[in-house]
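Peer 1: Throw the hints in and build the complete structure from the sequences for me.
Residue numbers (my numbering), protein chains in the order written: chain A, 1 to 413; chain B, 1 to 413.
Where hints are given, some of them may not hold.
To be verified - Derived DEER-like restraints, expressed as beta-carbon distance ranges:
{"id": "1", "chain 1": "B", "residue 1": "269", "chain 2": "A", "residue 2": "248", "range": "33 to 43 Å"}
{"id": "2", "chain 1": "B", "residue 1": "256", "chain 2": "A", "residue 2": "386", "range": "22 to 32 Å"}
{"id": "3", "chain 1": "B", "residue 1": "171", "chain 2": "A", "residue 2": "74", "range": "24 to 34 Å"}
{"id": "4", "chain 1": "B", "residue 1": "153", "chain 2": "A", "residue 2": "96", "range": "41 to 51 Å"}
{"id": "5", "chain 1": "A", "residue 1": "212", "chain 2": "B", "residue 2": "190", "range": "21 to 31 Å"}
{"id": "6", "chain 1": "B", "residue 1": "61", "chain 2": "A", "residue 2": "18", "range": "48 to 58 Å"}
{"id": "7", "chain 1": "A", "residue 1": "58", "chain 2": "B", "residue 2": "107", "range": "50 to 60 Å"}
{"id": "8", "chain 1": "A", "residue 1": "366", "chain 2": "B", "residue 2": "142", "range": "45 to 55 Å"}
{"id": "9", "chain 1": "A", "residue 1": "212", "chain 2": "B", "residue 2": "203", "range": "29 to 39 Å"}
{"id": "10", "chain 1": "B", "residue 1": "113", "chain 2": "A", "residue 2": "256", "range": "26 to 36 Å"}
{"id": "11", "chain 1": "B", "residue 1": "269", "chain 2": "A", "residue 2": "115", "range": "45 to 55 Å"}
{"id": "12", "chain 1": "A", "residue 1": "176", "chain 2": "B", "residue 2": "256", "range": "46 to 56 Å"}
Stated by the list, open to error - Listed below are the simulated DSS-like cross-link pairs for lysine-lysine, each with C-alpha atoms no more than 27 Å apart in a straight line:
{"id": "13", "chain 1": "A", "residue 1": "2", "chain 2": "B", "residue 2": "325"}
{"id": "14", "chain 1": "B", "residue 1": "325", "chain 2": "A", "residue 2": "47"}
{"id": "15", "chain 1": "A", "residue 1": "116", "chain 2": "A", "residue 2": "173"}
{"id": "16", "chain 1": "B", "residue 1": "173", "chain 2": "B", "residue 2": "116"}
{"id": "17", "chain 1": "A", "residue 1": "116", "chain 2": "A", "residue 2": "225"}
{"id": "18", "chain 1": "A", "residue 1": "47", "chain 2": "A", "residue 2": "2"}
Bear in mind the hints are in silico, worked out from the structure with no lab data behind them.
Owing to the predicted nature of the structure, the values given are computational and were not obtained by experimental measurement.
Backbone N, C-alpha and C define an ideal beta-carbon position, used for all residues, glycine too.
Number of protein chains: 2
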Amino acid sequence: MKAEIISVGTELLLGEIDDTNASYISRRLAAVGLDVYYRHTVGDNLKRLVQVLSGARRRASVIVLCGGLGPTPDDLTREALAELTGRPLQTVPEAEMRLHRFFAERGRTPTPSNFKQCQVPRGGELLDNPVGTAPGVWLQHEQNLYIAVPGPPPEMREMIDSQVLPRLRQMLKKNGTLWTRTLRLSGLGESQVADLLADLLAAQDNPTIALYASPGEVRVRLATKAPDEIAAQQVFAPVEQELRKRLGPAVYGVDDETMEVAVGQALLAAGATLAVAESCTGGLIASRITDVPGASRYFVAGYVTYSNQAKQDVLGVPADLLREKGAVSAECAEAMARGARQRSGADYAAAVTGIAGPGGGTPEKPVGLVYMAVADAQGVEVCRQLWPASREQFKQRVSQTVLDMIRRRIIGG
Amino acid sequence: MKAEIISVGTELLLGEIDDTNASYISRRLAAVGLDVYYRHTVGDNLKRLVQVLSGARRRASVIVLCGGLGPTPDDLTREALAELTGRPLQTVPEAEMRLHRFFAERGRTPTPSNFKQCQVPRGGELLDNPVGTAPGVWLQHEQNLYIAVPGPPPEMREMIDSQVLPRLRQMLKKNGTLWTRTLRLSGLGESQVADLLADLLAAQDNPTIALYASPGEVRVRLATKAPDEIAAQQVFAPVEQELRKRLGPAVYGVDDETMEVAVGQALLAAGATLAVAESCTGGLIASRITDVPGASRYFVAGYVTYSNQAKQDVLGVPADLLREKGAVSAECAEAMARGARQRSGADYAAAVTGIAGPGGGTPEKPVGLVYMAVADAQGVEVCRQLWPASREQFKQRVSQTVLDMIRRRIIGG
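Peer 2: In C-alpha cells, the structure reads:
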C-alpha cells in the first residue's frame with residue numbers, strides 16, 4: 001500500500017522552519033509497511049492544497065496531511081478535505097466539550113475561532129489531541145484514507161504514535177501488518193556489516209533483513225508481517241540474537257534510540273556517573289547527553305574549556321604540556337580527561353580537543369584534526385582522527401564518536 | 001515568477017535525514033523574489049522523478065532540484081532531465097579536467113563512475129563545485145529553467161550562493177530583480193512591533209515592509225526592485241535607520257545572522273570575553289556560541305554544572321544556598337553567574353538553572369520554570385520565566401533568551 005505526505009504551511013515554503021515533521025511521519029509509515037513515494041509541501045492556500053490532494057489521491061491509498069488545523073483563517077486543511085470530497089464540515093459535539101474542558105483546565109476562555117477546530121468533513125472522525133487544541137482528522141472517502149495531524153511537533157508525534165499508527169495497524173491487519181525492528185550500529189562500515197552478515201542477508205526471508213547506511217551510521221532492519229507485535233517479536237528474537245552475536249558491541253540501540261540514550265542506559269546499568277571536557281565541540285556533547293530526560297541521574301558536570309587558560313584553571317592541564325605539545329594533542333586530551341574525572345568525582349570522563357575550522361589549521365595540525373579521550377579508574381584511552389568537514393558536521397561527528405567511546409568503555413566492548 | 005523545489009533521495013522519503021536543504025533553497029529563492037508554491041520530495045527512481053518534473057514544469061518557470069547528482073547508479077537527476085527534455089547527456093571536457101584535478105589534489109584516483117558526473121543534457125551547462133565532485137546543472141528548455149544542485153549541504157549552499165543566485169539575479173534583471181533585507185528582532189511580540197511601525201506599514205510601498213513571526217522571533221522584511229544590490233541598499237538605508245530608531249536594541253541581526261553571531265559581534269566590538277554556567281540547558285548555550293567560527297576570540301569557558309555538587313565545586317555556589325533556596329532559584333542563578341565570572345576571569349558570565357522536564361517538577365517549582373542571570377563588573381541581572389514545553393523546545397527557548405540577555409547587557413540595551 002502506498003502513502004503520500006503533504007506538509008501544509010506557508011512558513012515552510014518560505015524556509016522559515018525546517019520540516020522535521022515530514023521525516024518523522026515518513027519513518028513511522030515505513031515502520032508499518034506503507035511505501036511513501038512522494039512528499040509535498042504546500043502553503044496556506046485552499047486552491048493549491050486541493051490541487052495537491054487531487055494528485056495524491058490518484059497515486060496513493062493513504063494521504064497524511066500535517067499542519068493547517070489551527071483556529072485561524074489561514075488554517076485550511078479541514079476546508080480542503082471538505083472541498084475535495086464534497087463532504088460539508090460538521091461540528092462534533094464531543095470535541096466542543098473537550099475544547100471547553102481544555103481551556104477551563106488552563107484558566108482560559110476559548111474564542112469563537114477555536115470552535116472551527118471542532119469540525120470535520122461529514123462521515124469523518126476527529127482524533128483527540130491531549131497536548132493541544134487542534135484535533136486530528138480521520139476520513140475515509142471512496143478509495144482513499146485521509147489523515148490530518150497538527151503541525152506543532154509534540155502534538156504531531158503524540159497523535160501519530162498513540163492514535164494514527166494503532167488505527168493503521170488495525171486497518172492493515174487483514175493483509176497481515178508489517179512490523180519492523182531496526183538495530184543501530186556504530187564503528188562498522190556498510191561493507192563490513194554486509195560481509196559479517198552475508199549468509200543471513202542471502203538466505204533470510206522471514207524476517208527480511210536489510211542494511212541502510214546514513215552519515216556515520218549503519219542500520220540493520222528486520223521486517224515481518226504478523227497479526228500483532230508479540231508475534232512479530234517472536235519472529236525477530238532468534239535473528240536478533242544471531243545478529244547481536246556477530247555484531248557485538250557495534251549494536252548500540254534499537255529503532256529510535258539515539259547514542260545519547262545508549263550512553264545513559266549503559267551508565268544506569270553500571271551505576272556509574274559521567275563528566276565531559278570539551279574544546280572543539282563547545283558543549284555539544286554535554287547538550288546531547290542532557291537531551292535525555294533523567295540525565296541528572298548520571299551526568300555530573302561538563303567543562304567547556306575553550307581557552308588554554310581555562311584548560312589549566314578548570315581541568316588542571318599543565319602549562320608546560322600546553323606549551324610543548326599544544327592544546328590539540330593526545331597529551332592534552334588525556335590530561336583534560338584525567339582532570340575532568342578527578343575534579344568532578346565522576347566514574348567516567350571524556351575529553352575532546354581539535355580544530356573545527358574553517359580557520360585555525362596549520363600544515364602539522366590541519367582543520368579536522370581531533371583527539372578524543374575517555375578516562376576511568378583503569379586509565380585513559382585516546383583516539384586520533386582527521387575529519388575535514390563543515391564546522392557543524394565536524395562537531396556532530398566528533399560528538400557521536402566520543403559518546404560511542406564512552407559507551408564501549410562502560411560495557412567493555 | 002514561480003519556482004518549485006524538488007528534493008531527490010530515497011533516504012529523505014524513509015525519514016532517515018531531515019530535509020534542511022529545501023528550507024535553505026526556499027529562503028534563497030524568496031530573497032530574489034521567486035515565489036515557491038510547491039515543494040516535492042521523490043526517491044531515487046527515474047520514472048517518478050520524471051513524473052514530478054512533468055507536473056512542476058506546467059506550474060513553474062524555474063525548477064530547482066537538489067540531490068541525485070552523485071556518481072552511483074542511484075543518482076538519476078541528470079538522467080531524468082535528459083529524459084524529460086529529450087536532450088541526450090553529453091560529456092563536458094572541462095569538467096573531466098576539473099575532476100582529474102580534484103582527485104589529484106587529494107592524492108586519489110577517480111573511478112569510471114565518477115565521470116558520469118561530467119555529463120549534462122545537450123545545451124545545458126555544468127555549475128562548478130569547488131567543495132565536492134558533483135557539478136550542478138543549469139538547463140534552459142522551452143519555457144523552463146532547470147537548476148540541479150548536489151545534496152550534501154555544504155556543496156548545495158556554496159553552489160546556490162556563489163553561482164545560482166547571481167545567475168538568477170542576472171536573468172531576472174530585465175524585470176528589475178527583487179532585493180530584500182530582513183531585520184531580526186527579539187524581546188518584542190508581533191503585535192507590539194505592528195503597533196510601533198503602524199504608520200510605516202500602512203504608508204510605505206518602496207521598499208515594502210512586511211512582518212513575519214516564527215517561534216520566539218519577529219522579523220521585519222524590506223523588499224524593493226532594483227537593478228543591483230547597491231541601488232537596493234540605497235532604498236533600504238533611510239527606512240532601516242527609522243526602523244532601528246523605533247525598535248532600538250530589539251534588532252539583533254540582519255538576514256541570516258543568528259543570535260549567537262550577534263553575541264559574538266557585541267563581544268568583539270566591546271573587546272570583552274564571556275563564560276557561561278548551565279544547568280537545564282546542559283551545554284546548548286556554549287554549543288551555540290561555539291557554532292560561530294572564531295568564537296575562541298571571546299569565549300573563555302562553559303560550565304555544565306548538572307549536579308548540586310558540581311555547582312558547589314565548580315562554581316562555588318554555597319551549600320547553604322542550595323539547601324535553603326534550592327538549585328532552581330534566583331539566588332542560585334545569581335551565584336552561578338558570579339562564580340562563572342570569577343573563576344573564568346571573563347568580563348561577562350551568564351547562568352541558567354531550571355526544570356526542563358518531563359519529570360522533576362513540583363507544585364512550587366513546576367516543569368518549565370527557569371532562572372537566567374547575567375553578571376558583569378556592575379552586578380548581576382536575574383530573570384525568571386515559566387515556559388512549559390517539550391524538553392527540546394524549552395532548551396532552545398532558554399538558550400535564545402540567555403543569549404539575548406548577554407547581548408543586551410553588553411550593548412546596554
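Peer 1: Please go over all the hints and tell whether each is borne out by the structure.
Peer 2: A quick look at each hint next to the structure:
1. B/269 to A/248: 33 to 43 Å: For residue 269 of chain B and residue 248 of chain A the Cβ distance comes to about 53 Å; the hint is violated.
2. B/256 to A/386: 22 to 32 Å: Since the Cβ atoms of residue 256 of chain B and residue 386 of chain A sit about 29 Å apart, the hinted range of 22 to 32 Å holds.
3. B/171 to A/74: 24 to 34 Å: Given range 24 to 34 Å: holds, Cβ gap about 32 Å.
4. B/153 to A/96: 41 to 51 Å: holds (46 Å)
5. A/212 to B/190: 21 to 31 Å: violated (42 Å)
6. B/61 to A/18: 48 to 58 Å: violated (26 Å)
7. A/58 to B/107: 50 to 60 Å: holds (52 Å)
8. A/366 to B/142: 45 to 55 Å: holds (48 Å)
9. A/212 to B/203: 29 to 39 Å: violated (56 Å)
10. B/113 to A/256: 26 to 36 Å: holds (34 Å)
11. B/269 to A/115: 45 to 55 Å: holds (51 Å)
12. A/176 to B/256: 46 to 56 Å: Because 50 Å falls inside the window, the suggested range holds.
13. A/2 to B/325: Given that 27 Å is the threshold and the Cα spacing comes to 57 Å, the pair is violated.
14. B/325 to A/47: violated (57 Å)
15. A/116 to A/173: Violated, because 34 Å separates the two Cα atoms, which is more than 27 Å.
16. B/173 to B/116: violated (34 Å)
17. A/116 to A/225: Between residue 116 of chain A and residue 225 of chain A the Cα gap is close to 40 Å, so the pair fails against 27 Å, i.e. violated.
18. A/47 to A/2: holds (24 Å)
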